[in-house]
Amino acid sequence: MAGLRGRRVARRLRRLRLSPAPVRSSAIWLNAKPGAYAENERIPGCGEPERREAALVLRTRILTAAVLAPLAIAAVLLLPPVPFAVLMGLVALAAAWEWSALAGLDSRQGRVGGVALIAASLLLLWMFPGVWGAALLVVVAFWVGVAGMVLTWPRALDRVRSAPLSLAMSVPALAGAWLAMVLLKVQPDGGWIIVWTLALVAIADSGAYFAGRRFGRRRLAPKVSPGKTWEGLAGGALAGMAWALAAALWLPGGAWLWLVAGIVGIIAAVFGDLFESALKRARGVKDSGTLLPGHGGVLDRLDASLAALPVVALVVLGALERPAG
0 MAGLRGRRVA RRLRRLRLSP APVRSSAIWL NAKPGAYAEN ERIPGCGEPE RREAALVLRT
60 RILTAAVLAP LAIAAVLLLP PVPFAVLMGL VALAAAWEWS ALAGLDSRQG RVGGVALIAA
120 SLLLLWMFPG VWGAALLVVV AFWVGVAGMV LTWPRALDRV RSAPLSLAMS VPALAGAWLA
180 MVLLKVQPDG GWIIVWTLAL VAIADSGAYF AGRRFGRRRL APKVSPGKTW EGLAGGALAG
240 MAWALAAALW LPGGAWLWLV AGIVGIIAAV FGDLFESALK RARGVKDSGT LLPGHGGVLD
300 RLDASLAALP VVALVVLGAL ERPAG
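Residue numbering for the sequence shown follows numbering that gives the first Met the number 0, beginning at 0 and increasing consecutively.
Hints may contain errors.
Unchecked claim - Have a look at the derived ranges for each label pair, beta carbon to beta carbon:
(1) Gly132 - Ala198: 23 to 33 Å
(2) Ala133 - Leu77: 43 to 53 Å
(3) Ala167 - Leu78: 29 to 39 Å
Hint data in this document are derived by calculation from the structure and do not stem from the laboratory.
Cβ atoms here follow ideal geometry from the backbone N, Cα and C, with glycine treated the same way.
Using the sequences and the hints, build the whole thing.
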């Protein structure tokens, strides 16, 4: 009897060990699908620090822009051509300091050399106004080449990483934008055309930012600037074209001129922005500097305008048949 009871106990123990333990189920796990939260739901609390940081950066950007925008507009509209050219030259030299760092010139002496290169370029342009028209064409051709570099990224990476070549590209980029503003400034309504162009870039950038945050799905240039989307580009283009048509209300030339200038200006601004992003990516930095809170450096604020200004100047001056220089 004792042996029989022992065998029964042993069988019961084996059944207990082999049977699965009861699981206290959770509705989350019972209803979950692979990737469900990543694709369809927002996990509570996920990304809150990032959202707070983004909101803080946006507020800082707005405050900085609220201070700088009136000062920039006043300088463009109120300064005579020569003081305006000097002031814009100083801005170009500040941008040259940052560009030299992006080119890989980490020493103070190297960055001073980069600034001196731009200073010499501006001085030569000022001394020989007869070449301004041809120089503007060269600058626009340079930005066409930059567009090709951006479209073939990362095959152009070695060229951007080359310090001498990268530094050489600062001349048409920085001196070219300065030249475009000087050419426009000496024309009738030139100050307003400069303001319109800078506002075009800012409005398109803001439209792209908000449209991208709301609707952005497909990346525009993931290898250069992963945060930019086609949806953002479309939103920025629509906002920019609305502003372009508004120019016909107070600027000469008619709606078609400003619509064309707006379209080519927006396209150029996109490639200017992407080009600076490529420079920063090749260098492994987020911003070109820290001078402007919420914006980064001078180049971070002017990158799109560097390309838009010469292109718009060429279109507008050509259409209005005003001599360049």
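Here's how the hints hold up against the structure:
no. : hint                        : in the structure
1   : Gly132 - Ala198: 23 to 33 Å : 26 Å, holds
2   : Ala133 - Leu77: 43 to 53 Å  : 30 Å, violated
3   : Ala167 - Leu78: 29 to 39 Å  : 30 Å, holds
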